[in-house]
Amino acid sequence: MSNKVLEGLFYTKNDEWVKVEDDLGTIGISDYAQDQLGDIVYVEEIKKGTIVNQGDIITTVESVKAVAEVYSPISGEVIEANHTIIDEPSHINGDPYGKGWFAKIKMSKPEETKELMNASDYGDYRK
Amino acid sequence: MRYIPSTSEQQKEMLKEIGVSSFEELLSSIPENVRLKKKLNLPPALPENELEENIMHIVQKNADFYSMKPLIGAGAYRHFIPEAEKALLQREEFWTCYTPYQPELSQGTLQAIFEFQSHISRLTKMEVVIPSIFDGASATAEAVLMSIRLTHKEKIIISPLLHPHYRETIKTYVEPHNIEIVELPLQDGATSADMLKQSLDNNTAAIVVQSPNFLGGVEDIQEIVEITHQNDALFIQVIVEAMSLGLLKSPGNMNVDIVAGNTQSFGLDLSFGGPHNAFLATKKEYIRQLPGRIVGETKDRDGKRVFVMTLRAREQDIRREKATSNICTNHNLNVMAGNIYLSLLGTEGLYQYSLLNFKKAHYLEKELLKSGKFTNPFPYPYFNEFLINYQGNIEELRKRLIENNFIPPLSVWQFYPEEKFRQSLLFAVTEIFSRDELNKISNLLSQ
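Which chain is which? The protein sequence lines are A and B, in order.
Convert by adding 33 to the 1-based position in the first sequence; the result is the number in the working numbering.
Convert by adding 1389 to the 1-based position in the second sequence; the result is the number in the working numbering.
Worth flagging that the hints you see were computed from the coordinates, not collected in a lab.
Watch out, some of these pointers could steer you wrong.
Stated by the list, open to error - Computed list of lysine to aspartate or glutamate pairs in EDC-like fashion (alpha-carbon distance at most 20 angstroms, straight line):
1) B:K1458 x B:E1784
2) B:K1542 x A:E110
3) A:K98 x B:E1710
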């Protein structure tokens, strides 16, 4: 089982991560999540300008054996979506914290990250 | 003759096995006040031979579509079915309505479904096709649900010339979804582009237009598609008379987004209203929102061409409550009929049949107008169904046709209760009518 956890990110119980830089949150799914899903073959496009609340479904990921909803770890407006994962969903498997990012969200409630886990808590959660 | 196959001895045994003393006790959980205390008012049981005779007497009261040729269409059409199709359909390997999940056991069924998808894809010029939804009305409603999932918008605009039963079915399907349905007002034989423009807004998910429409009219799809797309809505074309695909411009060539089509005309008998079969076709980018099964072609480990169900992650056994596909059984035998029918006719055959439908319908209209007993309510281009106003007594016309073994055309007034349609009749003329018969009909109605 693969369960790499990256320091400095916040994590949800549904295995999403968010990296915060000023009021900008970059989101994705964790190494554990990609490993559980298996080879990812499709990601539903995230539309720029979409307003999401924390916990809203932001997209859907389909692997050869399952389909999973991805929930936004934070509230705000999508200002950029990663189009390379639409054409190459395997980036999510290969580099979940890097090339496999999903979207950048301008955060409307930065305090929400307090409800999320840090790297060491998440590491314990998915031990 | 007994109709319950267990003896009273066996019944006692079963009751003993489950630990109740009598049949009454078995029913004890059903409240007294909802139990029927008297016997059903039924005639006494008949011996088998008398029962058979009895049923045959009832059957003989029915007219069939061979002894009485239908001048009515309005959603179901009698076409010629080649004997070879009927013979091939007797192959019991094809007799299943169930999903061929195990490709190693179902290559024949899967290949036949794949072939049908290919036929429909070529006819509609659409990229992807699902082969089987129960009928055109439910396929149309599924297309509407698809458009809501794709756009996340909450309004649907429906042409008044969409089949009335299809309109009802859409309403039933979307009722739990809190969707606004706007029906455009009826003007003449075509959906009004101006009315559409007034109703379209940026909360519109889709516009649903049938072509040929309920009055047989060929819609100006291209114009309506353009208006629809300018508003970021999806265009759903409904095809009720599939025979029209042999002659009219393909939806895929007009940038239609989703096609819902009834395939009853492809090799299915009328059978008193069903069963039918319907397909959904769409653009590749929308494939994941399609309901129902899709069969794909692939290679097995020896490199041989094989067929499997594909994009399975949409379906309810995998996606549970989030599934876009909740269809288990389908009309596979009718898919098979359509596949055999289209294979037998071929491209040229289907074109010739379509052309015959078009020509014969126009011939009868011309002859009826010549008689002076009929007038044209409003001119519009049509395929094999046309609306015409009768000057005389409609009841008498119906009687005369029935006496001469023709099923009369539809009085559209029951669906469009406006004064101007009081005398309007919707005729359907397919290739089954000879010129002599059409002349006979026009003579009968010109008296």
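What hints, given by number in increasing order, does this structure fail? none
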